[in-house]
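Trainee: Given next are the chains, with one letter for each unit.
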Amino acid sequence: MSETAKISLRDVHKSFGPKKVLQGINLDVAPGESVAIIGGSGTGKSVTLKCVLGLLTPDQGSIKVNGTEMVGASPATREDMLSHAGMLFQGAALFDSLSVWQNVAFGLIEGRGMKPQQARDIAIARLADVGLGPDIANMSPASLSGGMQKRVGLARAIATEPDILFFDEPTTGIDPIMGDVINDLIVKCTRELGACAMTITHDMASARKIADRVAMLYQGKIIWNGPVSEIDTADNPYLQQFISGDIEGPLDLDLKHL
Amino acid sequence: MPIFAPVGRMFLAFLALVGRVTVFAGRTLGHMVTPPFYFRLIFKQMREIGYFSLPVVAMTTLFAGMVLALQSYSGFSRFSAESAVATVVVISMTRELGPVFAGLMVAGRVGAAIAAEIGTMRVTEQIDALVTLSTNPLKYLVVPRVYAGLLTLPVLVLIGDIIGVLGGYLVGVNKLGFNEGSYIRNTFQYLEQLDVISGLVKAAVFGFIITLMGCYHGYHSRGGAQGVGQATTNAVVSSSILILISNYIVTELFFAR
Numbered sequence: 001m002s003e004t005a006k007i008s009l010r011d012v013h014k015s016f017g018p019k020k021v022l023q024g025i026n027l028d029v030a031p032g033e034s035v036a037i038i039g040g041s042g043t044g045k046s047v048t049l050k051c052v053l054g055l056l057t058p059d060q061g062s063i064k065v066n067g068t069e070m071v072g073a074s075p076a077t078r079e080d081m082l083s084h085a086g087m088l089f090q091g092a093a094l095f096d097s098l099s100v101w102q103n104v105a106f107g108l109i110e111g112r113g114m115k116p117q118q119a120r121d122i123a124i125a126r127l128a129d130v131g132l133g134p135d136i137a138n139m140s141p142a143s144l145s146g147g148m149q150k151r152v153g154l155a156r157a158i159a160t161e162p163d164i165l166f167f168d169e170p171t172t173g174i175d176p177i178m179g180d181v182i183n184d185l186i187v188k189c190t191r192e193l194g195a196c197a198m199t200i201t202h203d204m205a206s207a208r209k210i211a212d213r214v215a216m217l218y219q220g221k222i223i224w225n226g227p228v229s230e231i232d233t234a235d236n237p238y239l240q241q242f243i244s245g246d247i248e249g250p251l252d253l254d255l256k257h258l
Numbered sequence: 001m002p003i004f005a006p007v008g009r010m011f012l013a014f015l016a017l018v019g020r021v022t023v024f025a026g027r028t029l030g031h032m033v034t035p036p037f038y039f040r041l042i043f044k045q046m047r048e049i050g051y052f053s054l055p056v057v058a059m060t061t062l063f064a065g066m067v068l069a070l071q072s073y074s075g076f077s078r079f080s081a082e083s084a085v086a087t088v089v090v091i092s093m094t095r096e097l098g099p100v101f102a103g104l105m106v107a108g109r110v111g112a113a114i115a116a117e118i119g120t121m122r123v124t125e126q127i128d129a130l131v132t133l134s135t136n137p138l139k140y141l142v143v144p145r146v147y148a149g150l151l152t153l154p155v156l157v158l159i160g161d162i163i164g165v166l167g168g169y170l171v172g173v174n175k176l177g178f179n180e181g182s183y184i185r186n187t188f189q190y191l192e193q194l195d196v197i198s199g200l201v202k203a204a205v206f207g208f209i210i211t212l213m214g215c216y217h218g219y220h221s222r223g224g225a226q227g228v229g230q231a232t233t234n235a236v237v238s239s240s241i242l243i244l245i246s247n248y249i250v251t252e253l254f255f256a257r
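From first to last, the protein sequence lines stand for chains A and B. Using the UniProt record's numbering, the first residue of the first sequence is number 1, and each one after it goes up by one. Using the UniProt record's numbering, the first residue of the second sequence is number 1, and each one after it goes up by one.
If you are wondering where the hints come from, they were derived from the structure by calculation, not from laboratory data. Any given hint might turn out to be false.
Derived Cβ-Cβ restraints for the label pairs, each shown as a range [what the hints assert, rightly or not]:
#1 B:54 to A:13: 52 to 60 Å
#2 B:27 to A:68: 20 to 28 Å
#3 A:163 to B:44: 29 to 37 Å
#4 B:194 to A:98: 52 to 60 Å
#5 B:191 to A:135: 26 to 34 Å
#6 A:205 to B:35: 45 to 53 Å
#7 A:135 to B:44: 39 to 47 Å
#8 B:162 to A:133: 36 to 44 Å
#9 B:30 to A:97: 21 to 29 Å
#10 A:135 to B:194: 46 to 54 Å
#11 A:96 to B:63: 32 to 40 Å
#12 A:80 to B:246: 49 to 57 Å
Just so it is clear, CB atoms sit at the ideal spot from N, CA and C, and this is done for glycine as well.
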């Protein structure tokens, strides 16, 4: 599978001091496929994503994107990879100093050298794609609600029409209805772009809706990996405890004080 | 011997910090001479760092010049050297007080603001977002600020020098009874180009230090609001200390015999 995979992780390790966060991650994402990495807090989901994006450097292992090795890649190679990728951050990570449309158009103007007026038109079209009107284009991101900020972040992620999308906890911090809106938008945008997607989440409703395949991360390793349709019938007790939300089970929840 | 271990650890930590700052400065200098250049951001930062610092620098240097005239008159009158007041004011302002006062005030105002802004961008993942949008954060955030500090501090100091000398003139003429013409003549009689140039060189060095330390501490801030607050404090303290150290070094380079 790794020969044709859009994203391929092999034996990826990452430690912070004595704390071993990733202990041999193996994962493939095929072209056009949407994979959700699920797992509890502190299991290394964000670290995995940051390693793929190059925000963290793995201690060991291989990460290939479009067949190109990213571990130890030159800045130019990494920049080329990122120019074909879009990322929605957990807190949206919109630039405070720029207006909404400038945020959405950032990758077009700074990354591709597009003229601001042309980029503005595209930004407003992308805002429309995520259900936001042109009236907010000149507003500051700080004046938007959390859900609107997420949608602007999604518009920014898809503005350059990337073929790889990354989503970091897309529904965290917003109400369930807005979460469902975001999930629908993610599915719509991913399908329209024909992009592959890697999502990290602990929201099972979100994972079920946006993913073709689910990988569960626990203690730095992928302990279950399969189609989203099989998660309820899988015989993995760790997965079953996680999706049912039971406090009793094999997962070490680190709740010594309770 | 338990005292040596913590002292050794602190010394090693200090050396590691110096190394990290040096690498950061080297990378910044490298990006300063390679495209792309964000001219719009450089001009924006010049306005933020230079133009908006003008009132605080003007106030500081005005009163520094006024106090200097009063103090030097009070001291020099003990050996009948009151006529040196204008010369002392202008040389002190251009060589030392103008650059150092302006540097310290800008460190407090701008260094803190830079560290807070970039620190907030770090903890809210905005810097990570820049990376994912194929934009180098050093080029986009750090280089424009360092260029702006490097270019605007000398202008600020030149204006501060003039205002400081004006402060000395106002006190000298209105309070100490100097003749207007002779005060101005004494001001320029012994002033040399090197006095002004050395002050402007200091200003450029201070501008580099202030913006670099603000960016460094903001860029490496960790741990939410508390981390940003710590970064702000560290930026002001470290740039203030480095201003005073580099002030001595530049003075030594220009004036040591």
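Trainee: Using the C-beta atoms of residue 135 of chain A and residue 194 of chain B, is the stated range 46 to 54 Å upheld?
Mentor: About 60 Å separates the Cβ atoms of residue 135 of chain A and residue 194 of chain B, which means 46 to 54 Å is violated.
Trainee: Determine whether the Cβ-Cβ distance between residue 96 of chain A and residue 63 of chain B falls within the hinted range of 32 to 40 Å.
Mentor: holds, 35 Å
Trainee: Lying within 52 to 60 Å: is that true of the beta-carbon distance residue 194 of chain B to residue 98 of chain A?
Mentor: The hint (52 to 60 Å, Cβ to Cβ) is violated, given that residue 194 of chain B and residue 98 of chain A are roughly 45 Å apart.
Trainee: So the hint says 20 to 28 Å: do the beta-carbon atoms of residue 27 of chain B and residue 68 of chain A match that?
Mentor: Given a distance of about 24 Å, which is inside 20 to 28 Å, the answer is holds.
Trainee: Starting from the hint 49 to 57 Å, judge whether the C-beta atoms of residue 80 of chain A and residue 246 of chain B obey it.
Mentor: violated, 40 Å
Trainee: Holds or violated: the 21 to 29 Å window for the beta-carbon distance between residue 30 of chain B and residue 97 of chain A?
Mentor: The hinted range 21 to 29 Å holds for residue 30 of chain B and residue 97 of chain A, with Cβ atoms some 25 Å apart.
Trainee: Hint says 36 to 44 Å; check whether the CB-CB distance for residue 162 of chain B and residue 133 of chain A agrees.
Mentor: Because 52 Å falls outside the window, the suggested range is violated.
Trainee: 26 to 34 Å was suggested as the range; check whether the CB atoms of residue 191 of chain B and residue 135 of chain A agree with it.
Mentor: violated, 60 Å
Trainee: When you take the CB atoms of residue 135 of chain A and residue 44 of chain B, is the distance between them in 39 to 47 Å?
Mentor: violated, 26 Å
Trainee: For the pair residue 163 of chain A and residue 44 of chain B, does the Cβ-Cβ distance stay inside 29 to 37 Å?
Mentor: Since the Cβ atoms of residue 163 of chain A and residue 44 of chain B sit about 34 Å apart, the hinted range of 29 to 37 Å holds.
Trainee: Cβ-Cβ distance between residue 205 of chain A and residue 35 of chain B: within 45 to 53 Å?
Mentor: holds, 47 Å
Trainee: Check the following: the C-beta atoms of residue 54 of chain B and residue 13 of chain A are separated by a distance inside 52 to 60 Å.
Mentor: Given range 52 to 60 Å: holds, Cβ gap about 53 Å.
Violated hints, listed in ascending order, are 4, 5, 7, 8, 10 and 12; each of the other numbered hints is respected by the structure.
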